[in-house]
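Asks: In case you want the letters, here they are:
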Amino acid sequence: MFRTVEELVKIAEKENILISEVMIRQEMEVKETSRKEVFSQMEKNLEVMENAIEEALEGVNSVTGLTGGDAVLVQKYMKEKTPLSGNLMLDAVSKAMGTNEVNAAMGTICATPTAGSAGCVPGTLFAVKNQLNPTREQMIRFLFTSGAFGFVVANNAFISGAAGGCQAEVGSAGAMASAAIVEMAGGTPQQSADAFAITLKNMLGLVCDPVAGLVEVPCVKRNAAGSSLAIVSADLALAGVTSRIPCDEVIGAMYRIGKQMPSSLRETGEGGLADTPTGRLLKEKIFGMTV
Amino acid sequence: MKYNSVFDIIGPVMIGPSSSHTAGAARIGKAARHLLGEEPAWAKIYLYESFAKTYKGHGTDFALAGGLLGFETDDPRMSKALEIAKEKNITIEFIEDTAAADHPNTARLCIGNDHHSIELTGISIGGGKVEITELNGFQLRLSGNHPAILIMHNDRFGAIASVTKILAKNEINIGHMEVNRKDIGKDALMVIEVDQNVDDAIMNELERADHINQIAKIVS
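The listed protein sequences correspond, in order, to chains A and B.
Note that the first sequence covers residues 0 to 290 in numbering that gives the first Met the number 0.
Note that the second sequence covers residues 0 to 219 in numbering that gives the first Met the number 0.
Be a bit skeptical, because a hint or two may be false.
[Unchecked claim] Straight-line C-alpha distance at most 25 Å; calculated DMTMM-like pairs for lysine to aspartate or glutamate:
#1 A:43 with B:74
#2 B:87 with B:38
#3 B:55 with B:118
#4 B:55 with A:283
#5 B:79 with B:92
#6 B:79 with A:283
#7 A:220 with A:79
#8 A:284 with B:82
#9 B:1 with A:248
#10 A:78 with A:57
#11 B:55 with A:274
#12 A:43 with B:71
#13 B:55 with A:269
#14 A:30 with B:199
#15 A:43 with A:53
#16 A:30 with B:130
#17 A:284 with B:95
#18 B:1 with A:247
Just so you know, these hints were derived from the structure itself, not from any lab.
Note that the coordinates shown come from a computational prediction; the quantities given were computed from them, not determined experimentally.
Generate the whole structure from the sequences, applying the supplied hints.
Replies: Pasting the structure below:
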């Protein structure tokens, strides 16, 4: 069983297999189950992601009215104008935000690694797929690669905002997506690790400060940040840019930063954006009470 | 290792909005229902730290209720769980406790009906994964990576042997086991982590064994 990214990459290089394959083999061993079973369970998750994006692109709104409809706005803008950041990038952003709009509206999603950060992995997957034209199997492998990196983070640091801030959620999710994009684009396991490190490095210190304690503001747009950064980092790694700080050490830094974060900035809805005049006003409007 | 499966990371499939506060809460509620062995008639739920501060926004309240009703994390009835519990005459009370807790997402559930009740503390550690840390005043140390059987029994000689004999007969291997008691001859708890899943027939056999009061299993 791999415990670190270094071990994960070593296994992949030694056996000359993909990161996704390392994860699949480990899962089969741990659960004492067949490849077919493991694949079919992951395919169900893929279907949930696909359905959530479809639902989002038809337009959803949360009960509070704080979020919803932005995924549709972005898609419309892409059709009518020429986006400065390019169609693939904006498609990913729109689908990532859309997934979280569905989540905020209490729709069905697949947590990757959490619900608040559920947009980054599927958002990028369903955008890069239009350029890379993967097989269905490669799309499922994208999720195993994401999962392999998330597995290391979860066991060595944390993946919840309450424990480590948004860097642990959207930071991990965006980084997981970067690593998976690299594999799908034909990069090496080490390039996946570099892409992961580059994204997470740029998410370090991000606090979890949801307005009114709801997974809406700023969570939906943080998924836009996570998914766009994921694509940029993947491109950097594929271009041959490496991370000066090794992946596992970046995860260690994320852990120590999270440990130093006060509880007001870890999903209590007490600090940061939640504690702005508008944030407090929104909470009062929604719950009829003051912070 | 707290997480041992890729599906802890890519998953669960769930009703939004929060994996810790909604999906995890539902799983804690469901574990409590399992340990009670039936649907509760009442529940007093104490919430701590992030759970206490944000439970309304995250739907932690309906998720815990959904779990008590036996709902899975992706049950479409989840957001209506409080109403459904009300229709079934289940009274659920939420108490925001200001005491410090070891984990930011902690819930203590006291649930019961006419004949018995249990008290359980659960923590939601991220991505929908939960751990049960206390049952009826006994501290638990469950890794959560293997199926576990929890057995409330009387502190009498032979109680442990009667359980292990049944497991041996059914070729179930014990990976980790702890026995705790409140006092000599009083309530005691066996926590057994096993390598294989334990089916209902074996659970029934265990329940009928000598000096066993209550039994439940937690599937990893």
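Asks: All the hints need checking, so say for each whether the structure fits it.
Replies: The hints, checked one at a time:
no.: 1; hint: A:43 with B:74; result: holds, 15 Å
no.: 2; hint: B:87 with B:38; result: holds, 10 Å
no.: 3; hint: B:55 with B:118; result: holds, 23 Å
no.: 4; hint: B:55 with A:283; result: holds, 13 Å
no.: 5; hint: B:79 with B:92; result: holds, 16 Å
no.: 6; hint: B:79 with A:283; result: holds, 24 Å
no.: 7; hint: A:220 with A:79; result: holds, 22 Å
no.: 8; hint: A:284 with B:82; result: holds, 23 Å
no.: 9; hint: B:1 with A:248; result: holds, 19 Å
no.: 10; hint: A:78 with A:57; result: holds, 15 Å
no.: 11; hint: B:55 with A:274; result: holds, 18 Å
no.: 12; hint: A:43 with B:71; result: holds, 16 Å
no.: 13; hint: B:55 with A:269; result: holds, 14 Å
no.: 14; hint: A:30 with B:199; result: holds, 20 Å
no.: 15; hint: A:43 with A:53; result: holds, 15 Å
no.: 16; hint: A:30 with B:130; result: holds, 19 Å
no.: 17; hint: A:284 with B:95; result: holds, 21 Å
no.: 18; hint: B:1 with A:247; result: holds, 17 Å
No hint from the list above goes unmet by this structure.
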